[in-house]
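There are 2 protein chains.
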Amino acid sequence: MGSNTFRLVVFRYRPGGSFQLVDEIRHAVRLSAGAGPEGLHPDALERAGHAANLYRAFCDAAGVDDVAAVTTSAVRDGANRTEALAALSVDGGLDVRVLSAEEEAWYGYLGAVNSTTLTDGHVLDLGGGSVQVSQVTGRRLGEVVSRPLGAVRMTERFLAEEKPGRADIRALRRHVARELEDLDWLAGAGGRMVGIGGTIRTLASMHQRSVRYPLMGELHGYPLPLSGIDDLVEAMAALPASERSRLPGLKQDRADITLAGAIVIGTILERAGVEAIEICSQGLREGLFYERFLSPADPPLIPDIRRQSVMNLVDTYRCDIPHVEHVCALALAIYDELARLGLHAADASEREMLWAAGMLHDAGVLVDYNDHHKHGYYLVLNAGLPGFAHHELAMIALLVRGHRKGLPTLSPLEDILRRRAARSPERPADGDEGTLRRLAACLRIAEQLERGRARGIRSVHMSATKAALKLDVTAIGDPSVALWSAALESPVVQRAFGRRLELGVAFPAA
Amino acid sequence: MGSNTFRLVVFRYRPGGSFQLVDEIRHAVRLSAGAGPEGLHPDALERAGHAANLYRAFCDAAGVDDVAAVTTSAVRDGANRTEALAALSVDGGLDVRVLSAEEEAWYGYLGAVNSTTLTDGHVLDLGGGSVQVSQVTGRRLGEVVSRPLGAVRMTERFLAEEKPGRADIRALRRHVARELEDLDWLAGAGGRMVGIGGTIRTLASMHQRSVRYPLMGELHGYPLPLSGIDDLVEAMAALPASERSRLPGLKQDRADITLAGAIVIGTILERAGVEAIEICSQGLREGLFYERFLSPADPPLIPDIRRQSVMNLVDTYRCDIPHVEHVCALALAIYDELARLGLHAADASEREMLWAAGMLHDAGVLVDYNDHHKHGYYLVLNAGLPGFAHHELAMIALLVRGHRKGLPTLSPLEDILRRRAARSPERPADGDEGTLRRLAACLRIAEQLERGRARGIRSVHMSATKAALKLDVTAIGDPSVALWSAALESPVVQRAFGRRLELGVAFPAA
Chain W
25 MGSNTFRLVV FRYRPGGSFQ LVDEIRHAVR LSAGAGPEGL HPDALERAGH AANLYRAFCD
85 AAGVDDVAAV TTSAVRDGAN RTEALAALSV DGGLDVRVLS AEEEAWYGYL GAVNSTTLTD
145 GHVLDLGGGS VQVSQVTGRR LGEVVSRPLG AVRMTERFLA EEKPGRADIR ALRRHVAREL
205 EDLDWLAGAG GRMVGIGGTI RTLASMHQRS VRYPLMGELH GYPLPLSGID DLVEAMAALP
265 ASERSRLPGL KQDRADITLA GAIVIGTILE RAGVEAIEIC SQGLREGLFY ERFLSPADPP
325 LIPDIRRQSV MNLVDTYRCD IPHVEHVCAL ALAIYDELAR LGLHAADASE REMLWAAGML
385 HDAGVLVDYN DHHKHGYYLV LNAGLPGFAH HELAMIALLV RGHRKGLPTL SPLEDILRRR
445 AARSPERPAD GDEGTLRRLA ACLRIAEQLE RGRARGIRSV HMSATKAALK LDVTAIGDPS
505 VALWSAALES PVVQRAFGRR LELGVAFPAA
Chain Y
25 MGSNTFRLVV FRYRPGGSFQ LVDEIRHAVR LSAGAGPEGL HPDALERAGH AANLYRAFCD
85 AAGVDDVAAV TTSAVRDGAN RTEALAALSV DGGLDVRVLS AEEEAWYGYL GAVNSTTLTD
145 GHVLDLGGGS VQVSQVTGRR LGEVVSRPLG AVRMTERFLA EEKPGRADIR ALRRHVAREL
205 EDLDWLAGAG GRMVGIGGTI RTLASMHQRS VRYPLMGELH GYPLPLSGID DLVEAMAALP
265 ASERSRLPGL KQDRADITLA GAIVIGTILE RAGVEAIEIC SQGLREGLFY ERFLSPADPP
325 LIPDIRRQSV MNLVDTYRCD IPHVEHVCAL ALAIYDELAR LGLHAADASE REMLWAAGML
385 HDAGVLVDYN DHHKHGYYLV LNAGLPGFAH HELAMIALLV RGHRKGLPTL SPLEDILRRR
445 AARSPERPAD GDEGTLRRLA ACLRIAEQLE RGRARGIRSV HMSATKAALK LDVTAIGDPS
505 VALWSAALES PVVQRAFGRR LELGVAFPAA
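Sequence order for the protein chains is W and Y. Per this note's numbering: the first sequence = residues 25 to 534. Per this note's numbering: the second sequence = residues 25 to 534.
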């Protein structure tokens, strides 16, 4: 029950296994709107009580086993806290916990580190009432600061006019800068910063639209540049509050408060010396969930985010685990053999994408066996893989699509890969097209070797001449299906490595 | 193991529950190619033996529980049947059954009637060696005819030249007509005809491309007009066999035999007085499967094809059955109340689409809760619903998409609906747009009334004034979540029925 938005999320999970968000209700309650020295405004408490009552009824009715109701800055800092809690708790129907600033930061941190690969850097969580900035070192929570610089509060204090002037904006920036002045650990820290909260998601959504981002709507993992925030501040400031929802991506119920929020975020990024903030679509609510999901782990951290993301989808899409694990083992063995032969450079990121695609290559069978490579592409791309960058997600989805039938091609997602290429110079010599061709060749040969689903091919050994790649297998049982099937991939090998594929059976030395 | 194509399909099923095709291998063996008075050609038997050996190895390795290996016309009619069976059975490794012409027709019939709503009409099954035409009356198999007019045989006999002439085509037409001459039950029978086999699927695929069909690749249920078959015959006949695969949709390994197949099919349609043939992507293989799946039912017929199709997806996409069934019950009750008030005409087809969409509305949650209406649209459209026409499938998918968030719109599938509109004059007065708006309003109100997932709203009673639709509920427990949620759908009701939505609680008369 936040200072701006109330939200109910329902997770279904197997403890220690997979989890899914299965329901969500959201209300723009504006709990902190109109708050004064006497505390929260009676109208706000009435709206809050109404929403809380609905949530309690929902939890009762839906048979939710375990309800965690929390509230944050607005109630914490309000002078009429007892009265506010009575309204939110629906006269005892909900057991509402008022999070301290430290707890609020803690749960935001848990949401962020359990859905991103952040190990060292900062988490910025901007709500309606307050902002938390947390330092993360070796995945552990370090320094924390909480300031009452939330988007609703700053709007009411500095930008309440229908059309605020330049001076108002400057005053807000000065105020934020002053509040952060004494934080030596933040000043010019640089490095990664992960951003949480509705305001930052809104800014990312607006920015994606303004640059026609090819994975529109895939907010989690989106790098929002400081320069983009500045542009959005300009665009919003040029319009009266009542007209700002004309800007693509800006919803009516956030049209007034997003300008102040953007200024707070931009000022913090400047202070921290950070060029871009990575959007995290999870936060405090997911942090509360992870505490339960990972119990009794302390701190409740998922050991390997990428692995968890992939295994979550393997479970959801009911992939045949013995089969896909064997395909992965073979694909990675082929990848490593090719590296040993000097036909490509071994690369940890490529290897991990190959593993992920191997685990998920059959996901689309759930929709229809026909075109299951295309359905798998849709399922992976749209479910997303927290912990993988968007260009990695794109590559994994393209590998799933390219694991059978036509030769794999970048074309459906070329744009997302090109944008990444423009940003990062450290890429394989043969570019993304080369990566896709090489990884797809490994995956396709492995899939064909495991065509019989019997895990009969136990190992591979490769050798190369100028014209041919020879792949010898050791097998339990008859390898004829495997070898016949793998031979079909010669064109893919030719395209990736300029050599035809030859297959044989290796007899282990006596 | 057909006369042209060998195919291995693997089904996973719960007896009497749901089923899925989970694997498939296909080889263009051309078993009947080169067959003469001494029987099947030695080269063909060698190719066949190789494929059969692979299939046996696959079944062993993959741990398939129950293998049904069958072969048809080529072996049945070949003079060297014993030799052929030895090759196909891999020296006893596979227990191969040679189907009689009657059995071949029977399994094709089972595949067709268990995946379409055909109750009365005909099934045409064109293979490489033979063609079967079966009469269906009240879903039961009636008259059957089998003739050695398969696509490979007719190609070898009449169209073996690289570029056959007009006279060759006329000779083939005359031959087919003569073979069918004595079938009084077929002549001018009219009505529905369902078509099975690789040739007819290929023709449908070519036709979809030539008319830029909006559901490209959705072959099952596609109505292929006789005029379209004639056009394709012209297009193929104008090219030498070796260049025909340039025609969009015509694969290399069928480029030579599809012309003869198209002529046979066209001639049969003319003879039967049928204007269009409905493509069935299932056939003999699925017929064999249904015999097992439906055991001990005799005849093995799915009682309600449409219901089975929907429930198959409900199971696959793990929909919450108590919730979706309650949403369906409420949506249909609202639909019926609106009909009672004269606000629309009760229509059985609309009602069934509403039911299907209600059962599947949450399917997309499996992919991601965010945008789950869009994911559900993809999942339903791409899995398909055998037994529903394409325009019904399109409408169901649009309803799933339109069950939440933005106002429902035809636009993603407008084209498929427009094509249908051109064919069938009997449509609701307000067109497909009206159907979508009205059904979406019913579904959205029902979903909101069941927002709490507690099945607390037991019945609805509606009344109408010029400006408002009043909906009163009887409820177990507190209906506040339900009523508050349903009130959000007033704009959708306004758009569909020109009235605002008002909600209340009905107290049953004492």
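Because the hints were derived from the structure by calculation, they are not lab data. Note that the structure is a prediction, hence the values are computed from the model and not measured. A hint or two may mislead.
Each pair may be met inside one copy or between any two copies, as identical chains are not told apart.
In silico DSBU-like pairs for lysine-lysine, Cα to Cα no more than 35 Å straight-line [unchecked claim]:
#	residue 1	residue 2
1	Lys-398	Lys-275
2	Lys-429	Lys-398
3	Lys-187	Lys-494
4	Lys-275	Lys-187
5	Lys-398	Lys-187
6	Lys-490	Lys-187
7	Lys-494	Lys-429
| query | For which of the previously enumerated hints does the structure constitute a violation, in increasing order of number? | reply | When the structure is compared with the hints, numbers 3, 5, 6 turn out to be violated.
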